[in-house]
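K.L.:
If you read the protein sequences in the order shown, they are chains A and B.
Per our numbering, the first sequence starts with residue 1, numbered consecutively.
Per our numbering, the second sequence starts with residue 1, numbered consecutively.
Hint data in this document are derived by calculation from the structure and do not stem from the laboratory.
One or more hints might be untrue.
Subject to a maximum C-alpha distance of 25 Å in a straight line, what follows is the list of computed DSS-like cross-link-like pairs (lysine-lysine) [unchecked claim]:
1) B:Lys106 <-> B:Lys54
2) A:Lys174 <-> A:Lys202
3) A:Lys293 <-> A:Lys210
4) B:Lys106 <-> B:Lys256
5) A:Lys210 <-> A:Lys167
6) B:Lys197 <-> A:Lys202
7) A:Lys319 <-> A:Lys257
8) B:Lys256 <-> B:Lys197
9) A:Lys300 <-> A:Lys231
10) A:Lys210 <-> B:Lys256
11) B:Lys256 <-> A:Lys293
12) A:Lys167 <-> B:Lys54
13) A:Lys231 <-> A:Lys197
14) A:Lys254 <-> A:Lys210
15) A:Lys167 <-> A:Lys300
16) B:Lys21 <-> A:Lys136
17) A:Lys197 <-> B:Lys256
18) A:Lys335 <-> B:Lys256
19) B:Lys256 <-> B:Lys149
20) A:Lys254 <-> A:Lys174
21) B:Lys54 <-> B:Lys256
Okay, the calculated beta carbon distance ranges per label pair [stated by the list, open to error]:
22) B:Arg46 <-> A:His176: 42 to 48 Å
23) A:Gly19 <-> B:Ile235: 27 to 33 Å
24) A:Lys335 <-> B:Arg223: 39 to 45 Å
25) A:Val173 <-> B:Gly136: 25 to 31 Å
26) A:His176 <-> B:Gln242: 32 to 38 Å
Fair warning: this is a prediction, and the values are worked out from it, not measured in the lab.
A virtual CB, placed ideally from N, CA and C, is assigned to each residue, including glycine.
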Amino acid sequence: MVPPADGRGVLVYCEVEGGRLAPLALEVLGVGRRLASALGQELGAVLIGEGVAPLASEVIVHGADKVYVGEAGLLCEYVLELYLPVVEEAIEQAQPAILLFGHTLVGRELAPWTAFRRGVVASMDCVALEIDPHTKRLLMTRPVYGGNAQAVQVSMGDPQVATVRAKTMAPAVKDHGRYGQVVELKAGGRLPAPRVKVLERKAEPGTRVKLEEARVVVAGGRGIGSASGFKQLEELAGLLGGAVGATRPPCDAKWAKESQQIGITGRIVGPELYIAVALSGASQHLAGCSAAKVIVAINKDPEANIFHVVDYGIADDWKAVVPALLSCLRARTDKETEGIWR
Amino acid sequence: MKQVLDPEMPLSLFRIDPETKSALPARGAPPVLSPFDENALEAALRIKDDEKAKVTVITLGRRLVRAVVTASLAAGADELLLLEDASFNEFDPFLTASALAAAIRKRGPYDLVLCGLQAADTNAGLVPIGIACLLGVTCLTGAREVRLKEESVVVARSLAYGYEVLEAPCPAVVTVTYEVGSLREPGVEAFMSASAKPVIVWTAADLELEQAGMAGGRTEILRMEVPVRASRCEILEGESVQAKAEQLVSRLQQAKVI
Numbered sequence: 001m002v003p004p005a006d007g008r009g010v011l012v013y014c015e016v017e018g019g020r021l022a023p024l025a026l027e028v029l030g031v032g033r034r035l036a037s038a039l040g041q042e043l044g045a046v047l048i049g050e051g052v053a054p055l056a057s058e059v060i061v062h063g064a065d066k067v068y069v070g071e072a073g074l075l076c077e078y079v080l081e082l083y084l085p086v087v088e089e090a091i092e093q094a095q096p097a098i099l100l101f102g103h104t105l106v107g108r109e110l111a112p113w114t115a116f117r118r119g120v121v122a123s124m125d126c127v128a129l130e131i132d133p134h135t136k137r138l139l140m141t142r143p144v145y146g147g148n149a150q151a152v153q154v155s156m157g158d159p160q161v162a163t164v165r166a167k168t169m170a171p172a173v174k175d176h177g178r179y180g181q182v183v184e185l186k187a188g189g190r191l192p193a194p195r196v197k198v199l200e201r202k203a204e205p206g207t208r209v210k211l212e213e214a215r216v217v218v219a220g221g222r223g224i225g226s227a228s229g230f231k232q233l234e235e236l237a238g239l240l241g242g243a244v245g246a247t248r249p250p251c252d253a254k255w256a257k258e259s260q261q262i263g264i265t266g267r268i269v270g271p272e273l274y275i276a277v278a279l280s281g282a283s284q285h286l287a288g289c290s291a292a293k294v295i296v297a298i299n300k301d302p303e304a305n306i307f308h309v310v311d312y313g314i315a316d317d318w319k320a321v322v323p324a325l326l327s328c329l330r331a332r333t334d335k336e337t338e339g340i341w342r
Numbered sequence: 001m002k003q004v005l006d007p008e009m010p011l012s013l014f015r016i017d018p019e020t021k022s023a024l025p026a027r028g029a030p031p032v033l034s035p036f037d038e039n040a041l042e043a044a045l046r047i048k049d050d051e052k053a054k055v056t057v058i059t060l061g062r063r064l065v066r067a068v069v070t071a072s073l074a075a076g077a078d079e080l081l082l083l084e085d086a087s088f089n090e091f092d093p094f095l096t097a098s099a100l101a102a103a104i105r106k107r108g109p110y111d112l113v114l115c116g117l118q119a120a121d122t123n124a125g126l127v128p129i130g131i132a133c134l135l136g137v138t139c140l141t142g143a144r145e146v147r148l149k150e151e152s153v154v155v156a157r158s159l160a161y162g163y164e165v166l167e168a169p170c171p172a173v174v175t176v177t178y179e180v181g182s183l184r185e186p187g188v189e190a191f192m193s194a195s196a197k198p199v200i201v202w203t204a205a206d207l208e209l210e211q212a213g214m215a216g217g218r219t220e221i222l223r224m225e226v227p228v229r230a231s232r233c234e235i236l237e238g239e240s241v242q243a244k245a246e247q248l249v250s251r252l253q254q255a256k257v258i
């Protein structure tokens, strides 16, 4: 481990998904640009993979002054041991004051490894990042205690490493007038033989992505009371083109699948619309859905904690409310279809 | 396995100590073992179900409630190693990882270190990677299934669009998610025999941690706050449930989310 050194500028890691910049990469670029401008310093970006070089111009358009490209056939898919030396090569070249990753499977590994190996500690899952106007250090806000509290912390050394929670930062704004520099990383030539072998990698259509990517999520809690209750939520979600999630008790009771659990100990979602049905609003659960744009609660207990954190509430029994919503939504769909034929 | 404040406890019991900038123990809500760490113990016990294995649970903290932490023995662990010291701090992952790595080394040869993906209080997932970094071994994160195969560990983990199966040589650190499955309920026999199982207590001095200190590299917590939740909720009123539902649909249409 090397002692922390004083860095300059901001370096962000841009994740690539299916040959394109991941949505979270644009958010990380957005916050990186804002912080670099606040410091009056450069924004660097790291792109790693096979065939990623053409994306460099898009990264520049989205705010980067310099793009470090690690391009090699071996890097076609993420493997920690192969990606880590390439990221570290970019860090050695850029010597950044701030180093940002998205809080994904990849960032959750690369951020702690790069930080520990530089004698600093990464701040994980940040929901706000600001430059302290006096000290010029990075103020990193992150939820702790299952979302019951938020800690604002600073790193005592450089680089100040953080991961960014999806959908908490404004995505970068495109500016076609920008220009920047592309730096090729040599890492491709001297990748180590990894100790970890990938035995198998398979797509599982539909199962995993759905909740995280759904525009609408309908979540049920203990008050749903049965597996057949969840069938009704499926119907509601189906009409809205969404997916169904759950709090922990319904998963424990097997009314819903483990993979449907939303919360700190399950999935983290950030849909346009989140409908919380018959759930009390434990912080543990709310931390998994607080990034939603609009939250609705349906709960017969008007004192339930959930009503403190939502935009719209119906304080009534879900067994009456959900069928009423279904009929409203069906009537609306019929009307729209009529409109097309008119 | 970490002892944490119950993440499911009512918000009304949650208090921050402004002095230490951390949560105060809650009266009426006893601490629990961190949920992902329970999954990690379950993964270990499943390996033990299939082959000859010894499962040691390590728990680290300032003040460990014996009734809480010995639950791991009742569930089927063979021994419990408690690292207890007033100097420990859950918000110093480097110190925590150093103490755990030192304890693992001191305890002797091991094949696999299993941890939860992240703790329910600090929500970071740094310590397992810190342990791997300090022990010089690999760390596979976010496993949904863990198996031992001869001299290596085989792990399945979920990806955004599917899953992958990874193999790493032992020893290794592996972190698990809830997908592994819940910790088994202790059987009567295991429960009865738990009190006879060894519990070892070590302090920071036993681990010779003083040289692990690292100048200037840590993070410092400036503030710890309970977020102010401005109640902006509009409770939809109406003569009937149908009227309320209609109002909701029209609000959601105005907000352009449906």
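K.L.:
Flag every earlier hint the structure violates by its number, smallest first.
P.N.:
2, 4, 6, 8, 12, 13, 15, 17, 19, 20, 21, 22, 23, 24, 25, 26
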